[in-house]
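Enquirer: What follows is each chain in one-letter form.
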Amino acid sequence: MASLTIVSAHFSLGKSRNQLLRYAYDVRVHNWTDIIKQAQKNSPKDPSEIACVNLALSMTGRLGSDMFFYPQSGWDGLLPSMISDHFLPLIPSEAYWQIGMVNDSQRFTFEAQESFPDYQKSAYFYQRLSATNLANGDVKVAERYLSELDRTLFYRGAREKIKADAKEKSELRMKEGDFIFLQDEVDSLLRALVLENPDNRVACDYIMAWAMLDKDLERCGRYFEDIGYKEPAPQLFQEAYLLDLFRRHMPLDTPPDGVTQENLWRLQDVIENGKKPNYLRRNYYGSFWYYYFMTE
Amino acid sequence: MKTRILYIIAAALLVAACRQSGITWTDSPIWPDYMDVTIPVGIAPLNFQYTDAGKDVTTTFTYGEEKVVIRGAKVRWKVDKWHEFVKKAAGGDITVSSSLGNIPDWTIHVSEDPIDYGVCYRLIAPGYETWSKMGLYERDLSSFKETALIENTQFTGCVNCHSFNKCDPDDVSMHIRGPHGCSILRIDGEMDSYKTQTDSTLGSVAFAYWHPDGDYIAYSTNTSRQGFHEMSGKILEVCDLAADVLVYDTRDHSLVTNSVLSGDEFWETYPAFSPDGKTLYYCSAKARHLPREVHEIWYNLCSVEFDAETGRPGSLVDTLVFAEGMQKSVCFPKPSFDGRYIMYTLNDYGTFNVWHHESELWLLDLETGETRPLANANSDDAEAYHNWCSNSRWFVFASRRDNGLFTYLYLCHIDENGNEDKAFMLPQKDPVKYYLTQYRSFNIPEFVTGPVNFDRMKAEKLINRKSKTPFKYKP
Chain X
1 MASLTIVSAH FSLGKSRNQL LRYAYDVRVH NWTDIIKQAQ KNSPKDPSEI
51 ACVNLALSMT GRLGSDMFFY PQSGWDGLLP SMISDHFLPL IPSEAYWQIG
101 MVNDSQRFTF EAQESFPDYQ KSAYFYQRLS ATNLANGDVK VAERYLSELD
151 RTLFYRGARE KIKADAKEKS ELRMKEGDFI FLQDEVDSLL RALVLENPDN
201 RVACDYIMAW AMLDKDLERC GRYFEDIGYK EPAPQLFQEA YLLDLFRRHM
251 PLDTPPDGVT QENLWRLQDV IENGKKPNYL RRNYYGSFWY YYFMTE
Chain V
297 MKTRILYIIA AALLVAACRQ SGITWTDSPI WPDYMDVTIP VGIAPLNFQY
347 TDAGKDVTTT FTYGEEKVVI RGAKVRWKVD KWHEFVKKAA GGDITVSSSL
397 GNIPDWTIHV SEDPIDYGVC YRLIAPGYET WSKMGLYERD LSSFKETALI
447 ENTQFTGCVN CHSFNKCDPD DVSMHIRGPH GCSILRIDGE MDSYKTQTDS
497 TLGSVAFAYW HPDGDYIAYS TNTSRQGFHE MSGKILEVCD LAADVLVYDT
547 RDHSLVTNSV LSGDEFWETY PAFSPDGKTL YYCSAKARHL PREVHEIWYN
597 LCSVEFDAET GRPGSLVDTL VFAEGMQKSV CFPKPSFDGR YIMYTLNDYG
647 TFNVWHHESE LWLLDLETGE TRPLANANSD DAEAYHNWCS NSRWFVFASR
697 RDNGLFTYLY LCHIDENGNE DKAFMLPQKD PVKYYLTQYR SFNIPEFVTG
747 PVNFDRMKAE KLINRKSKTP FKYKP
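Chains as they are written, first to last, in the working numbering: chain X, 1 to 296; chain V, 297 to 771.
Chain X on its own, in the form it takes in the complex:
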């Protein structure tokens, strides 16, 4: 009987919803490798799925090299907007959490918690709310949620783990200044975060991705310089930066900081041969240059 119920639920929810649920679950338990495998097997279409893939790529250090091998969906495929739903906000909540935008992670989590159609509450969301409040120094509020978790069978031992997670994220979050969140200007917030802490790798990934998805070369260049890569930057970020330098007619005799000689040669190749039919598809598929010139 139970098996029949599960099977019927699977079919009644629909394949696409099930796929999204699977992605969201993998985000929740940090199965980054499984997310990428899933995306390779079944190309994601929904912006929320794409956001899961981008997060998984960033968490495995591959956003800056592989993101354009996967479908993209603009900003919503990076940091989706708020939807009134009891599980979809989990995806941007996790992304914001990993970036260190604690208040935004808290907001998405809270909204999801308040969206359950039967008014129930999720222990998983209580964990995240405990962590965000601890990261914000709101110990009394965190204690309310932790007290609830202490009363459960499966989450009562999570206190120390939540505290450790919160401590780590409180180091990443913005310390100076106050900003108001605007969905259209998330990159400004990311920039403020990156300027304060250029070692925040996930924030650096996202701000570069944000500008690249927009094909905004000026911002690509500005953000690349804000981050101030000393070691070679991720491949795609180098490509975007070089194209901006080319756009500005900057001298490219020697590779600037964060850029390799090889990528400088590759840019020259694109400049010389990029207009040949199918040249970019054959030689540079998955690069930022292919995305910039060949996609709409």
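Do not take every clue at face value.
[Claimed, not checked] Derived DSS-like pairs (lysine-lysine); straight-line CA-CA distance at most 27 Å:
id: 1; chain 1: V; residue 1: Lys441; chain 2: V; residue 2: Lys429
id: 2; chain 1: V; residue 1: Lys729; chain 2: X; residue 2: Lys121
id: 3; chain 1: X; residue 1: Lys140; chain 2: V; residue 2: Lys383
id: 4; chain 1: V; residue 1: Lys441; chain 2: X; residue 2: Lys121
id: 5; chain 1: X; residue 1: Lys140; chain 2: V; residue 2: Lys530
id: 6; chain 1: X; residue 1: Lys163; chain 2: V; residue 2: Lys370
id: 7; chain 1: V; residue 1: Lys530; chain 2: X; residue 2: Lys161
id: 8; chain 1: V; residue 1: Lys462; chain 2: V; residue 2: Lys441
id: 9; chain 1: X; residue 1: Lys140; chain 2: V; residue 2: Lys351
id: 10; chain 1: X; residue 1: Lys140; chain 2: V; residue 2: Lys718
id: 11; chain 1: V; residue 1: Lys370; chain 2: X; residue 2: Lys140
id: 12; chain 1: X; residue 1: Lys163; chain 2: V; residue 2: Lys729
id: 13; chain 1: V; residue 1: Lys370; chain 2: V; residue 2: Lys757
id: 14; chain 1: V; residue 1: Lys530; chain 2: X; residue 2: Lys167
id: 15; chain 1: V; residue 1: Lys624; chain 2: X; residue 2: Lys175
id: 16; chain 1: V; residue 1: Lys729; chain 2: X; residue 2: Lys140
id: 17; chain 1: V; residue 1: Lys718; chain 2: X; residue 2: Lys121
id: 18; chain 1: V; residue 1: Lys429; chain 2: X; residue 2: Lys121
id: 19; chain 1: V; residue 1: Lys429; chain 2: V; residue 2: Lys757
id: 20; chain 1: V; residue 1: Lys729; chain 2: V; residue 2: Lys374
id: 21; chain 1: X; residue 1: Lys121; chain 2: V; residue 2: Lys530
id: 22; chain 1: V; residue 1: Lys429; chain 2: X; residue 2: Lys175
id: 23; chain 1: X; residue 1: Lys140; chain 2: V; residue 2: Lys725
Simulated from the structure, these hints should not be mistaken for lab results.
Could you slot chain V onto chain X? The hints should help.
Expert: Chain V alone, transformed into the frame defined by chain X:
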């Protein structure tokens, strides 16, 4: 074997559910902190719990020859016994002694000033743009009985901005937001639903205040936006992009305003009538560019005359509190019903004071012109949504002092000279359990002099019906 496993699992679950948390959010030896407070006769028992005591503790309540001893860390009174005891102590001080040696005796002063029958308030999660179950509730102050007036399980949307005419439960104004957006008015027992937006006004009406005659209601109409802070310690900001004050005539459903209460150069909001109905108070701020100038939104407390014969407000503005000069902002002016005072909140900027941790209650003395903070009522966190009891000797407000997020209700006595006593939390039967499991915030508490007797089924039908009676704008 399978049955045994099931029993073990069930027992484990039971053990898990029974474990209770201790009180870790206060430095006070008892919670709620009912030490040295002033209470009215007829208030529900001030049950409390020791924050660090075993079962052997005893608490002794003494007044004159009367003595009641309660055993245990959870101090619980039987309601009738409490009322009997407190009635005898009217005008005097109850002494409370604990068997714990480290807690000195304290007193509970019993005022002879009566308090109204109850308070009505909204319960809603302290969230951003989404809410789950929420509604308006009535609480009998002499007991622990809480009754739902209306809940959003009855319609799609939310209910807010409820208002009574000088605590009279028969005259009610409330708003419904969502797909069935409208306002519900009950006047002299007759209830109807209204479409309040007109072609000549900004939008639907919002904050309400009744004229003492009952013929008029002052409303604000606000175009607001929410903003979400990035820094720790701040969550939400609600700003007006435009705001006007209107006066609604309940007899012909018309709205009026004038050039000083509407217009683009200033934002006008939070209207309130004086108890004699001759003055209309409101808050006014210079319009600013947002979000850049959000920290320069400073509302002043102003007034104009009001002519109840014509139903029209005057045009000569008097500024009662120039908060802009202090780079502060006034919100929620509430005149006392004896005409002597106006209570308001003061915060650093902006219009939505409940999300400002620095928000404090202030009192303006209309006789002397002096204004001061209510130090005995304020805390180091946000105080907001205050309202007066019908006899102007008590007020209720919502406070974030207990944890910084969830607002709870506090009651406070104030004498005719404007001297306030220590505020005390709205009593609950098992306060620790109630507040640990209450994940909704109290807001907009209003006293009522009797049960509201709200026909929620009729309200549901009125909300969900397609056509609503329209307000009209009268130039």
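Enquirer: All hints, please: hold or fail.
Expert: Hints and how they fare:
The suggested pairing of Lys441/V with Lys429/V holds, with an alpha-carbon distance near 19 Å, which does not exceed 27 Å. Restraint check for Lys729/V and Lys121/X: satisfied, since their Cα atoms lie roughly 18 Å apart, inside the 27 Å limit. Straight-line distance between C-alpha atoms of Lys140/X and Lys383/V comes to about 37 Å, which puts the hinted pair past the 27 Å bound. A threshold of 27 Å between alpha carbons decides the hint, and for Lys441/V with Lys121/X the separation of about 25 Å falls inside it, so the pair holds.
A hinted pair counts as satisfied when its Cα atoms are at most 27 Å apart, and Lys140/X with Lys530/V qualifies at roughly 15 Å. Straight-line distance between C-alpha atoms of Lys163/X and Lys370/V comes to about 31 Å, which puts the hinted pair past the 27 Å bound. Restraint check for Lys530/V and Lys161/X: satisfied, since their Cα atoms lie roughly 25 Å apart, inside the 27 Å limit. Of the pairs offered as hints, the one joining Lys462/V and Lys441/V holds, with about 22 Å between alpha carbons and a cut-off of 27 Å not exceeded.
Pair hint Lys140/X plus Lys351/V holds up; C-alpha atoms about 25 Å apart against a cutoff of 27 Å. Between Lys140/X and Lys718/V the alpha-carbon distance is near 23 Å, which keeps this suggested pair within the 27 Å criterion. Annotation: proposed proximity of Lys370/V to Lys140/X holds, straight-line Cα distance about 21 Å (limit 27 Å). For the given pair, Lys163/X sits about 25 Å from Lys729/V by alpha-carbon distance, which is consistent with the 27 Å threshold.
Note on Lys370/V and Lys757/V: the hinted pairing is violated, with a Cα-Cα distance of about 44 Å set against a maximum of 27 Å. Of the pairs offered as hints, the one joining Lys530/V and Lys167/X holds, with about 19 Å between alpha carbons and a cut-off of 27 Å not exceeded. The hinted pair formed by Lys624/V and Lys175/X meets the criterion: a straight-line CA distance of about 25 Å does not exceed 27 Å. As the CA atoms of Lys729/V and Lys140/X are separated by approximately 16 Å, the hinted pair is consistent with the 27 Å bound.
In summary, the hint linking Lys718/V to Lys121/X is not supported, as the alpha carbons are separated by about 36 Å, beyond the 27 Å threshold. About 12 Å separates the Cα atoms of Lys429/V and Lys121/X, which keeps this hinted pair within 27 Å; it holds. A distance of roughly 19 Å separates the Cα atoms of Lys429/V and Lys757/V; the hinted pair therefore holds under the 27 Å criterion. Annotation: proposed proximity of Lys729/V to Lys374/V holds, straight-line Cα distance about 18 Å (limit 27 Å).
Taken as a hint, the Lys121/X and Lys530/V pair is honoured in the structure, with Cα atoms around 24 Å apart against an allowance of 27 Å. Between Lys429/V and Lys175/X, the direct Cα distance comes to roughly 35 Å. Violation of the 27 Å bound is thereby established for this hinted pair. About 22 Å separates the Cα atoms of Lys140/X and Lys725/V, which keeps this hinted pair within 27 Å; it holds.
Going through the hint list in order, the structure does not satisfy hints 3, 6, 13, 17 and 22.
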